Amino acid sequence: EAGVAQSPRYKIIEKRQSVAFWCNPISGHATLYWYQQILGQGPKLLIQFQNNGVVDDSQLPKDRFSAERLKGVDSTLKIQPAKLEDSAVYLCASSLGGGARDTQYFGPGTRLTVL
Amino acid sequence: GNSVTQMEGPVTLSEEAFLTINCTYTATGYPSLFWYVQYPGEGLQLLLKATKADDKGSNKGFEATYRKETTSFHLEKGSVQVSDSAVYFCALTTSGGSYIPTFGRGTSLIVHP
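First to last, the sequence lines map onto chains A and B.
Counting in the numbering used here, the first sequence runs from 4 upward without gaps.
Counting in the numbering used here, the second sequence runs from 2 upward without gaps.
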C-alpha cells in the first residue's frame, strides 16, 4: 500500500514570496490533515478536511495561508506572502474515517526555510 | 482547550536499559491517546494507542496504559535497543468538545550500544 506522498521535500524562499505544497493521501482515506511543525515542537494542526469539506481550520492563519482539497483526494497548502516565522516542516497526514480513534498516517514532510 | 505535556529530552540510555517517557494531558470530552514515533529521516508513524480508560496499548515491546485518574499515558519499554533511537510524540484526540488532534513537543531517545 502506497503511503502519503508530499512534494517538494525541501523549499527555500525569501520572505514575502509565495509557496505551495502538495499532498496525495493514502487511497480511500476520507480525512486529510495539514500540520506545521516548528523545530523543537510537536505538530500543530492547521486544517482538517473530510472528503471535500473543511472540518476544522481554526488554527490556520487565514490572512496568508490557504488550502484546498481537490475532488476529495489531493490537497495543496499555500502560503502568500511568507514570513520568517513560517520556517517549519509542513506535514500532511490522512486517516480512513477521521474519527477520534483513527490512526493518522503521515507523509515525509516538506521542510520550508524562509530567508 | 486540550494539551499534552511530555518530559523534556534528550533521554540517553544504554542498550537493554529500562525506558519511561512521561506524558500527561488535559482534555475536554473523552480522549483517545496515541504514541507516535519518528525515526531519523522518516515520517511520524503510530507506535501504539489506547481509546478508553484503563486500556493498555502495546507494540514492539513498548507499552502505555491510559490512566484517567492521573491523566497520564506514560510510555515504557523493558529493554531498549539502539534501533529504538528516535523522537517519540504523545498525542490525543477527543470525540467530544474540541476535536483538534493535539501533540506533545516530542522526546528524543538516544540509545548507546
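Calculated from the structure, these hints are not laboratory results.
Honestly, I wouldn't trust all of these hints.
Stated by the list, open to error - Simulated crosslink set (EDC-like; lysine to aspartate or glutamate; CA at most 20 angstroms straight-line):
| id | chain 1 | residue 1 | chain 2 | residue 2 |
| --- | --- | --- | --- | --- |
| 1 | A | K81 | A | D105 |
| 2 | B | K61 | B | E43 |
| 3 | B | K53 | A | D105 |
| 4 | A | K47 | B | E16 |
| 5 | B | K69 | B | E16 |
| 6 | A | K47 | A | E71 |
| 7 | A | K47 | B | E9 |
| 8 | A | K74 | A | D89 |
| 9 | B | K78 | B | D56 |
| 10 | A | K14 | B | E70 |
| 11 | A | K18 | A | D105 |
| 12 | B | K57 | A | D105 |
| 13 | B | K53 | B | E43 |
| 14 | B | K57 | B | E43 |
| 15 | A | K47 | A | E17 |
Remember, it's a predicted structure, so these values are computed and weren't measured experimentally.
So, going through the hints one by one against the coordinates:
no.: 1; hint: K81(A) to D105(A); verdict: 27 angstroms, violated
no.: 2; hint: K61(B) to E43(B); verdict: 18 angstroms, holds
no.: 3; hint: K53(B) to D105(A); verdict: 13 angstroms, holds
no.: 4; hint: K47(A) to E16(B); verdict: 32 angstroms, violated
no.: 5; hint: K69(B) to E16(B); verdict: 32 angstroms, violated
no.: 6; hint: K47(A) to E71(A); verdict: 18 angstroms, holds
no.: 7; hint: K47(A) to E9(B); verdict: 18 angstroms, holds
no.: 8; hint: K74(A) to D89(A); verdict: 28 angstroms, violated
no.: 9; hint: K78(B) to D56(B); verdict: 17 angstroms, holds
no.: 10; hint: K14(A) to E70(B); verdict: 45 angstroms, violated
no.: 11; hint: K18(A) to D105(A); verdict: 37 angstroms, violated
no.: 12; hint: K57(B) to D105(A); verdict: 16 angstroms, holds
no.: 13; hint: K53(B) to E43(B); verdict: 29 angstroms, violated
no.: 14; hint: K57(B) to E43(B); verdict: 26 angstroms, violated
no.: 15; hint: K47(A) to E17(A); verdict: 23 angstroms, violated
Comparing the model with each earlier hint shows violations of hints 1, 4, 5, 8, 10, 11, 13, 14, 15; every other hint is respected.
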